[in-house]
Amino acid sequence: MRISPFALFAVSNILKVTQSVELDTYKGCEVPSFEWATFATRTAARTKGLRGAISGDYIFAAGNVRSNSDAETDPGMIQIGLTGPFSVSDPTGIVAKTIEVDVMSYPESAGYKENAGGSFGQYEIGVSKIDRNTGEPKDLFVYGGYGMDELSGLAAKGDAIAISGHFTGNLTADLVDGIKKTLWNSNIEEGGVPDQADQFHPNMKDNAGHTGVDDGFVIKARSSDGKADWIVRYPESNKDSQVVSVDIDGDGNIFGSGYKCTQADGAEEKVCDGIVAKMDSTNGSVIWEKTFPELGAAFFLKYDSEDESLYISGTTTYGGAAKGKKEHSLCAHDTCAITLRISAEDGSVHWERSAKGSPRWGIVDATGGVELATASDGPYIYVAFDDVGDDEEGITSLDAGTHYAGCKNGDTITPEYEIETSRVMTETDCPEGSTFVPRNDDQAVPAS
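Going by our numbering, the first residue of the sequence shown is number 1, and it counts up by one from there.
None of these hints come from the bench; they were simulated from the model. Keep in mind that the hints are not guaranteed to be accurate.
[Said to hold, decoys possible] Calculated lysine-lysine pairs in the BS3-like style (CA-CA distance at most 25 Å, straight line):
1. K227 / K138
2. K356 / K323
3. K239 / K181
4. K97 / K27
5. K97 / K181
6. K97 / K48
7. K239 / K157
8. K290 / K270
9. K239 / K270
10. K48 / K227
11. K270 / K356
12. K239 / K227
13. K138 / K97
14. K181 / K157
15. K157 / K290
16. K227 / K97
17. K157 / K48
18. K323 / K270
19. K180 / K157
20. K180 / K138
Using the sequences provided together with the hints, build the complete structure.
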């Protein structure tokens with residue numbers, strides 16, 4: 001039996017480590033024992049785990065699923081199974097539970113054949129729901145359609161999950177009112193089919209060149225049964241667009257970060273801009289949208305409920321290389337990785353930080369993320385990038401970007417990070433007799 005780790009994120013990053021069991025070794029490395037693991041266990045399907053989230057007593061592990069049946073004729077529906085828990089005391093899963101759901105299987109002529117750089121044309125979206133305490137699989141939600149559908153973003157809060165990515169043909173979700181809703185790519189007529197040459201992972205091609213014709217999508221669904229409150233096509237583009245990451249606020253509104261690429265008539269190359277948007281909890285309509293023309297893409301996003309802000313990572317390029325790079329006012333290098341904080345209420349920018357180098361964007365190799373520190377850690381965020389900081393000339397500086405506000409007393413300006421670190425500094429934080437200097441003032445303290 002071929003065991004494919006669909007719940008890859010859960011297996012490698014979320015599962016609790018059994019502290020009472022001594023470390024084992026694998027290829028000379030010490031490894032801990034996990035309390036449990038749950039896997040996709042069907043030879044007729046292929047799975048790829050990409051994102052994970054926790055809400056209440058459940059782990060949600062999301063990624064892409066597809067038929068693995070190599071057939072010249074349409075084999076129709078097959079089943080994909082999720083089995084678990086496997087554990088040290090039950091390594092073969094004798095008492096494990098299996099749940100099964102239907103997945104459409106496609107012949108090569110309809111997109112099974114791997115093409116244009118490694119993406120199978122008929123991936124569907126899959127989200128597994130697993131009991132975080134026992135490892136028992138509870139459900140597997142599938143959102144599919146003709147053409148390539150790929151997931152890149154997942155968030156969970158209460159009885160809501162948010163899912164995002166991109167699609168080339170159509171994408172269907174079962175709604176909570178019992179009907180189905182289908183999105184169609186904006187570049188084809190309703191009922192049409194996508195060009196096979198437009199379906200592939202952008203990271204496997206020249207990222208500044210043609211990387212498909214696809215639209216982004218966002219789904220807000222109930223975590224109890226996977227039924228969608230709404231599904232929207234966003235953003236639309238005539239080349240390539242995607243909502244890379246999502247998060248949820250206390251009112252159930254959805255934040256999304258990603259990119260939108262367009263190619264003007266007669267232009268040789270497309271132009272990609274980073275985007276961040278806030279979507280209404282009830283219907284997915286866009287409350288506000290912020291475009292970042294100095295970014296090639298916005299990647300990961302994290303919502304901070306304490307001060308209604310968003311922390312976002314991005315790049316001045318689309319694909320990581322200098323080709324197709326943007327001119328960024330705070331980037332002194334060929335390419336830069338960007339971290340920024342913006343208002344969750346209107347998208348206004350609070351500050352940006354830049355570092356030499358740029359992460360690649362691709363559905364599989366876009367490693368990294370943004371996380372908030374706990375209160376005990378302090379007022380910090382953690383940002384991870386790939387391909388950043390590898391500088392043969394020496395240490396890459398992280399202290400570049402928006403200048404610091406401060407308090408001026410005579411000829412001396414005390415920077416804001418020496419005055420207030422628990423929140424954004426304001427004019428009232430300056431002691432009597434000193435003058436507040438805002439970040440955009442000519443006298444602001446340089447970041448580098």
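Here is what the structure says about each hint:
Our distance criterion of 25 Å between C-alpha atoms is met by K227 and K138, whose separation comes to about 15 Å. Restraint check: the Cα-Cα separation between K356 and K323 comes to about 15 Å, which is no more than 25 Å; the hinted pair holds. For the hint pairing K239 with K181, the CA-to-CA distance comes to about 24 Å; that is within 25 Å, so the pair holds. Among the hinted pairs, K97 with K27 is inconsistent with the structure: their alpha-carbon atoms are about 31 Å apart, more than 25 Å.
Taking the CA atoms of K97 and K181, the gap is about 31 Å. The hint is violated against a cut of 25 Å. The suggested pairing of K97 with K48 holds, with an alpha-carbon distance near 21 Å, which does not exceed 25 Å. Straight-line distance between C-alpha atoms of K239 and K157 comes to about 32 Å, which puts the hinted pair past the 25 Å bound. Taking the CA atoms of K290 and K270, the gap is near 20 Å; set against the 25 Å cutoff, the hint holds.
This hinted pair checks out: K239 and K270 have alpha carbons roughly 7 Å apart, not beyond 25 Å. Distance hint between K48 and K227 is fulfilled; the C-alpha atoms sit about 22 Å from each other, no more than 25 Å. Distance hint between K270 and K356 is fulfilled; the C-alpha atoms sit about 24 Å from each other, no more than 25 Å. With a CA separation close to 30 Å, the supplied pair K239 and K227 exceeds the 25 Å bound.
With a C-alpha separation of about 9 Å, the suggested pair K138 and K97 falls inside the 25 Å cut-off, and the hint holds. Distance restraint check for K181 and K157: the Cα-Cα separation of roughly 23 Å lies within the 25 Å cut-off, and the hinted pair is therefore satisfied. Of the supplied pair hints, the one linking K157 and K290 holds, its CA atoms being roughly 24 Å apart against a limit of 25 Å. Between the alpha carbons of K227 and K97 the distance comes to roughly 23 Å, so the proposed pair stays at or under 25 Å and holds.
Of the pairs offered as hints, the one joining K157 and K48 holds, with about 23 Å between alpha carbons and a cut-off of 25 Å not exceeded. For the suggested pair K323 and K270, the alpha carbons sit about 12 Å apart, so the restraint of at most 25 Å is met. Taking the CA atoms of K180 and K157, the gap is about 24 Å. The hint holds against a cut of 25 Å. Between K180 and K138 the CA atoms are separated by roughly 23 Å; this keeps the pair inside 25 Å, and the hint holds.
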